[in-house]
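Since chain A is already given, all that's left is putting chain B on it; use the hints.
Number of protein chains: 2
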Amino acid sequence: MFYTIKWTDDGVSMIDQRLLPEEEVYHLYKDYRDVAKAIKEMVIRGAPAIGIAAAMGIAIGVEKLSDDISKEDLEKEFIKICNVMKETRPTAVNLFWAIERMKKKFYDVMEKDFKEIKKQIIEEAKKIHEEDIFCNRKMGHIGQLLIKDNWTILTHCNAGALATGGYGTAIGVIRAAWEYGKKIRVFVDETRPYLQGARLTSWELVKLGIPATLITDNMAGYFMSKGEIDCVVVGADRIATNGDVANKIGTYSLSVLAKENNIPFFVAAPVSTIDFNIKSGSEIPIEERDRREVTHIKERVIAPEGVDVKNPAFDVTPSSNITAIITEKGILKYPYEINIGKLRN
Amino acid sequence: MFYTIKWTDDGVSMIDQRLLPEEEVYHLYKDYRDVAKAIKEMVIRGAPAIGIAAAMGIAIGVEKLSDDISKEDLEKEFIKICNVMKETRPTAVNLFWAIERMKKKFYDVMEKDFKEIKKQIIEEAKKIHEEDIFCNRKMGHIGQLLIKDNWTILTHCNAGALATGGYGTAIGVIRAAWEYGKKIRVFVDETRPYLQGARLTSWELVKLGIPATLITDNMAGYFMSKGEIDCVVVGADRIATNGDVANKIGTYSLSVLAKENNIPFFVAAPVSTIDFNIKSGSEIPIEERDRREVTHIKERVIAPEGVDVKNPAFDVTPSSNITAIITEKGILKYPYEINIGKLRN
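Line by line, the protein sequences give chains A and B. Each residue of the first sequence is one higher than the one before, counting from -2 in the numbering used here. Each residue of the second sequence is one higher than the one before, counting from -2 in the numbering used here.
Check the hints yourself; a few may be wrong.
Any copy, or any two copies together, can satisfy a pair, since identical chains are not distinguished.
To be verified - Think about it this way: if two alpha-carbon atoms lie no more than 27 Å apart in a straight line, the pair counts; the simulated DSSO-like pairs of lysine-lysine are: (1) Lys27 - Lys61; (2) Lys123 - Lys68; (3) Lys330 - Lys256; (4) Lys223 - Lys276; (5) Lys83 - Lys34; (6) Lys100 - Lys27; (7) Lys101 - Lys112.
For the record, the hints were derived by calculation from the structure and aren't laboratory data. Nothing here was measured: the structure is a model prediction, and the numbers come from that model.
Pulled out of the complex, with its shape left as it was, chain A reads as follows (with noise of 0.2 Å):
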């Protein structure tokens, strides 16, 4: 099959998305400020697997570092590779809860000698790596519940084992109900502008033998009109505790559909995705992408010069929208708030 990401002896290796379907191509990292460089332009995307990447990125930065550092200067270089890899992309709330985690597992071993710090850094991001895998599966595992056999499931964007570490929260969901036996078949929004569905997850089910129907974004309403949509599962960026969920744009689009429609909207998230900082999805940052995204694809123009673009990555969708959120701890329902509050460590 592919791998989205993979800590190898000589570096972290990554298929580039950007590339895919049409050709598969997997770069080694051995700098810090490269897997940066990666997720910012896209290389690797997902909230999840950005949040691995980071990871990756912080155990590299560290295993590069000379041996005869000073305790001092291993905590600045530390802190100065975290931010690096702060600033890549501002709404997945994986990549914060990532660095958070693997800041506080430096300060645990910060003591120890350099050897030992670094296999324990490195140890540390292949566990998050691995965990999510695990946290996938499980989402997988319960979230099938909720989708009957012979329904028709909407997907937006990539929410699979290309946005994770490697099996998918939202096409995890999906998959898990095939492996169970249940005949599904998945409409896939394309998702401009970047056409993570269109290029990713029709590419991921293809592979998988899942029937995949390719539709342009626009089409989504139509078809719940017509009865033959039974239920959407999408991913998450970052979810608020009131159960606000910021995911890619257009994800309001299809609740507010959904809900018109009287088709059940699920979320499939792992609880790293919740951000228990903020009261309501209207404290999430909206990351706003280059305009070239919009007016080209690829290298070709589809737009006139002259125009002015808009181009949003996220939306949040309000907690009244979602039927449910599926994470690996269980099915959260209204009331999202207190639901949520239970999760909290």
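Same frame as chain A, now just chain B:
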């Protein structure tokens, strides 16, 4: 500037809308079958423009007939030409309306000598064109009354000069408001898969100097929820007598999002877009177009092989989601059944 379609002594001239905004290329068609092909392949598109093209195609078909044709053969050939035009695209009713009008004219003049028949058939096609521009200007004049100063207007697809005889329906309303000195700005949905918004509407608005912001289709809901959109104005491909509107895929979704966010939703279309033979939108045939429009952008592939594709070109917006329908005969509001009925000849 540019023109969409023009009758010339040498044939029917059209700008190739498939090549915009990169290239401004005009084609000259001297055979009615080539005009039909141009409609089918979307060299020209937009409900009113399709009607004009069909009328001109019929005119050129008749013009090219041999002068010594018998009345019987003339009628046969005329019907054949009309049938070829009818088979081009199924959803826009203006096509069938224009064909019917040409038929009526043909039978009115059929007994005259052939030179006179040719002249009158050509005149009728040119009249349909001129009347369309006149209706657009009138619609603009009437419709701009609904647009307030400083409003931001969202539009979808292209209902501009390129979709009509030369002024525009939805864009006609917008440019009339602009000509009346209202400080408006326009958000343009790119309108996948064919990108009429990105390629055509933003190109027209840039040429007109009206501030335009291009977004992907899935961003519209986000900007509505942020309070950045004051109204939606779209065109129509067919209107049922209960006020249901078939228009470019994605229009239905915008209407639901506008309703959710208490934003007025306007449709601008000439009376020729009303199909007085159907009671509701469910009777409107929805054209399914080629999968390649979704899987490729120009020659560039954006989806994996093996994925299924759906490509409905239109959807139906229920009249309950429509604040008003702007026509050249006035503004229609609820109850549509009664108010549309009054327009029946």
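Ascending list of hint numbers which this structure does not respect: none
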